[in-house]
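Student: Be aware that the sequence shown starts at 1323, since it is given in the numbering used here, and climbs by one per residue.
Any given hint could turn out to be false.
To be verified - Using 20 Å as the maximum straight-line C-alpha spacing, the simulated SDA-like pairs for lysine to any residue come out as follows:
(1) Lys1342 <-> Lys1411
(2) Lys1411 <-> Leu1398
(3) Lys1342 <-> Leu1398
(4) Lys1342 <-> Ile1402
(5) Lys1411 <-> Leu1386
(6) Lys1342 <-> Arg1483
(7) Lys1342 <-> Pro1486
(8) Lys1342 <-> Met1436
(9) Lys1411 <-> Val1466
(10) Lys1411 <-> Ala1481
(11) Lys1411 <-> Ala1383
(12) Lys1411 <-> Phe1427
(13) Lys1411 <-> Ala1390
(14) Lys1411 <-> Gln1396
(15) Lys1342 <-> Ala1473
Unchecked claim - Each pair of labels, with its calculated beta carbon distance range:
(16) Phe1482 <-> Ala1438: 41 to 49 Å
(17) Leu1458 <-> Ala1383: 26 to 34 Å
(18) Phe1427 <-> Leu1470: 20 to 28 Å
(19) Gln1396 <-> Leu1458: 34 to 42 Å
(20) Ala1480 <-> Leu1371: 18 to 26 Å
(21) Asp1448 <-> Gln1368: 14 to 22 Å
(22) Leu1415 <-> Arg1479: 34 to 42 Å
Treat the hints as calculated values from the structure; they're not laboratory data. All values derive from a computational prediction rather than experimental measurement. All residues carry an ideal CB built from backbone N, CA and C; glycine is no exception.
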Amino acid sequence: MPFTPFHFGPAAAAHAIAPKHISFLAFCSVNVLIDIEPLYFMLTDQYPLHRFLHTYLGASAAILLTLALFLAAQRLAQRIPLPNLFHWKQLTLPSVALGAALGAFSHIALDSIMHADIHPLAPFSDTNALFRVISLRALHIGCVSAGLVGAIALALRAAFRPSPGTGNANAL
């Protein structure tokens, strides 16, 4: 993706499917973490832009780093008051792990379609079977569409959620 936010569309869709089990924050965070790599190489004028973090092995390392940062923040929050931005304190380790895994692996799959310099199976293979398997236009439309569907689903879920004590909160 030319910009990390395109990855947030699939994040919204995944979160809408299972909001208590897939952390949107972890999904987005791991995507930003992975895209620090090409940003660095772009700013330092080094090519290729997509290297270790844009492999499934590197994405696995990004998942572990995301989990470590979450656990460190939880421990730190027990000692000093930290702001609860995006309600991160209510997240569970399984939802963060699943959100980070879906975010990281979908990032590699989506970027593999778009970028010729990605070798998602490195160091085991230099091939990229997904490169241009669909057009860039279709890829971008798919990501934006996933975001719209996810946002609508989340909005509908929130709109029809009964007030506490008035019924089944899991109706949608």
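Student: Against this structure, judge whether each hint is valid.
Tutor: Hints and how they fare:
Proximity of Lys1342 to Lys1411 is assessed by CA-CA distance (about 13 Å); at most 20 Å being required, the pair is judged to hold. Our distance criterion of 20 Å between C-alpha atoms is met by Lys1411 and Leu1398, whose separation comes to about 11 Å. Only pairs whose Cα atoms come within 20 Å are accepted, and Lys1342 paired with Leu1398 is rejected, the gap being roughly 23 Å. Straight-line distance between C-alpha atoms of Lys1342 and Ile1402 comes to about 26 Å, which puts the hinted pair past the 20 Å bound.
At roughly 19 Å between alpha-carbon atoms, Lys1411 and Leu1386 fall within 20 Å of each other, so this suggested pair holds. Straight-line distance between C-alpha atoms of Lys1342 and Arg1483 comes to about 14 Å, which keeps the hinted pair within the 20 Å bound. For the proposed pair Lys1342 and Pro1486, the alpha carbon gap of about 17 Å is at most 20 Å, so the pair holds. Distance hint between Lys1342 and Met1436 is unfulfilled; the C-alpha atoms sit about 31 Å from each other, more than 20 Å.
Simply put, Lys1411 and Val1466 have alpha-carbon atoms about 29 Å apart, too far for the 20 Å limit, and the pair is violated. For the proposed pair Lys1411 and Ala1481, the alpha carbon gap of about 24 Å is over 20 Å, so the pair is violated. With a C-alpha separation of about 23 Å, the suggested pairing of Lys1411 with Ala1383 is violated against the 20 Å cut-off. Annotation: proposed proximity of Lys1411 to Phe1427 is violated, straight-line Cα distance about 24 Å (limit 20 Å).
For the suggested pair Lys1411 and Ala1390, the alpha carbons sit about 15 Å apart, so the restraint of at most 20 Å is met. At most 20 Å may separate the alpha-carbon atoms for a hinted pair to count; Lys1411 and Gln1396 meet this at roughly 7 Å. A hinted pair counts as satisfied when its Cα atoms are at most 20 Å apart, and Lys1342 with Ala1473 qualifies at roughly 15 Å. In this structure the hint that Phe1482 and Ala1438 lie 41 to 49 Å apart at CB holds, the actual value being about 45 Å.
Between Leu1458 and Ala1383 the beta carbon distance is about 27 Å. The supplied range of 26 to 34 Å therefore holds. For Phe1427 paired with Leu1470, a C-beta distance near 22 Å keeps the hint of 20 to 28 Å intact. Between Gln1396 and Leu1458 the Cβ separation comes to about 39 Å, which falls inside the hinted range of 34 to 42 Å. The given range of 18 to 26 Å is broken by Ala1480 and Leu1371, whose C-beta atoms sit roughly 38 Å from each other.
For the pair Asp1448 and Gln1368, the beta carbons lie near 19 Å from each other, so the given range of 14 to 22 Å is met. The supplied range of 34 to 42 Å is broken by Leu1415 and Arg1479, whose beta-carbon atoms lie about 23 Å from each other.
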